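The listed protein sequences derive, respectively, from chains A and B.
At position 110 of the first sequence (counting the first as 1) the number is 110 in my numbering, and the numbers step up by one without a gap.
At position 234 of the second sequence (counting the first as 1) the number is 1234 in my numbering, and the numbers step up by one without a gap.
I should point out that these hints are in silico values taken from the structure, not numbers from a laboratory.
Predicted model only: the values in this text are computed from it and were never measured.
Hints may contain errors.
[Stated by the list, open to error] Derived EDC-like pairs: lysine to aspartate or glutamate, alpha-carbon spacing no greater than 16 Å straight-line:
| id | chain 1 | residue 1 | chain 2 | residue 2 |
| --- | --- | --- | --- | --- |
| 1 | A | Lys35 | B | Asp1124 |
| 2 | A | Lys72 | A | Asp60 |
| 3 | B | Lys1144 | A | Glu77 |
| 4 | A | Lys152 | A | Asp60 |
| 5 | A | Lys87 | A | Asp114 |
| 6 | A | Lys87 | A | Glu77 |
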Amino acid sequence: MTATDQVQATTAPGTPTRQRDKRSAVQPAVYIVKKLLALVLTLFVASLAVFFSRFLVPGDPARFLLRGRSPKPEALEEITRQFGLDKPAWEQYLNWLGGILQGDWGRSLTYRQDVSDVLLGRLPTTLQLVALAAVFITVLGLFAGIAASLNKGFGDRFILITLTAAGAVPPFVAAIALVALFSVGLGWFPSFGSGDGGWDRIWHLTLPALALGITYIAMVARVTRSSMNEQLLREHVEVATSRGLTRGSVVARHVLRNALGPILTVSGVLVAGLLVSSAIIERTFGLSGIGQLLVQSIDRLDFGVVQAIVMVVVAAFVLVNTVVDLIQPLIDPRIAAGTESR
Amino acid sequence: MTLAIRLPQAGLRRYGSLLSPMAWGALAVAAAVVLLSLFAPVLAPYDPDYVDLNNVLAGPSGQHLLGTDALGRDLLSRLMHGGRTSLLGPTVVVIGSTVLGLLLGLVAGWSEGWLGKVLGRLFDLLFAFPALLMAMLAIALFGKGLLAPILAMTIAYVPYVARLAQSLVVAERGRPYVQAYRVLGFRTPWVVLGRVLPNLIPTVGAQSTLNFGYVLADLAALSFIGLGVQPPTSDWGAMIEESRGALLGGYILPAFWPALVVVLVVVAVNVIGEELSDRIGGKLS
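In isolation and in its complexed conformation, chain A is listed as follows (with noise of 0.2 Å):
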């Protein structure tokens, strides 16, 4: 099954099979700015695909901005003023990315509020989730991953066929399940809301994040299973084995830091999914987050805030992948000087 795993791997959606420039590399400041002029250029260009996207419309651009809207003549001027309609498409690009990089996003026509003054407000709970979420994928991926690499057999295949099932329920499907079981069943958790805050909000919090990392929980452990079944075959494991230490060091100093790579490799991936699918997870639960400002800007066609709202998700994507580059040299020094690829 590790041949499976691997597949599974490397490409589950938004895993991206990146290539590592082996040649590169060797100076750690050769590697960080190569990194990070990845970076800029690669938010550059997504930076014109989310604003050049609106061109895809065809017809008036202000009609397309007020849909659903009385076009009245003031209304249109107005916005055909405030996003400079009337002046060629690169100037109105290079204001859009000036205005993004001092802060200022636009307005929002359904609030009529400034664009990053919404976002702002709705950060904190999206935040919450979110890390939430990530606690749960990472206590009981890496649990699961372990307990199914250190218990051969029965255990394995059980873990094993549990994850499969789980990683195969989509977040709003186990939204509704958790829901049926612990809200509407037993009455543990509420099924709304956000809560008051401190306890209250982990306690409201506790089945959207559930829901929203079951995904990434099947997926954290597949690989750290077959990450850590990899390095238990190694020499080192069987040299520490046998020098007698217990078997609870062996797997935390030998097996588990070396299993690492490939579970922070796929942290990038994660943090996008979890971002994208909270816009499912928040709306089911009812809390005011970035991802229920997404599906209610489409549901108003307040096209300005789902433009600013994909343009953050594609940057915290690009952000954390990079990131996770920079910081994998740190735990495996072969990365950086291109003598393991993983």
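Using the hints, position chain B against chain A.
Here is chain B on its own, set in the frame of chain A:
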């Protein structure tokens, strides 16, 4: 001492012996769901949109095998008809992204110069846009429904196929048979399309099979949050959304059936995809 060499059996029989019982089970589930959905107009016991307010939220019975929803509509019939929309989307996306991805991957893998590098960068960039996010951006641009997300997800899944095809082509390019064709003076398009492409199909097919499950889940999620298929068209995601009120009131079945079908189909597709990549992947991964 005799030396027996077991040659692989020819044709389809070989695949029969290759698949595990679990994969056969998955194949049976998938086939059953596809057939029931495909022939829903003939097989479904009721009109999926027929409202019977005297018979709401009924449990399974002889008349309604799976029960009825909050409007008294027959759940089995809605499931079967909903399957048509729920399966159509992923089918279109998978076929589109596989064809496009194969083409781009072939070009990227075959050209050793700047073109391959540029395309590689493009695939990397597309990876930064999660499929669901791209679908939501498309809906914001072109309006609700299935068309916009299907187009967006087709593009979003291209890099998964293209990147794989590219790496496979790079590997094939160096193999003796390709060198031989080149030396013999065969034209490049003939070698690439006629001789290299068939070697990519199994691996790419495995990847695309896995993609089918992800796309199905994402499109169902979009319908669930009201951005995808619009009522009264039935769709598994939309059915779950419609049943939330009943669920909070303690009636689990109307939400349970579509959820079960979604999970069953995704599991079946994953099992088949993994089995395929297991069988052929040995030499690749």
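> What are the numbers of the hints the structure violates, in ascending order?
Replying inline: 3, 4 and 5
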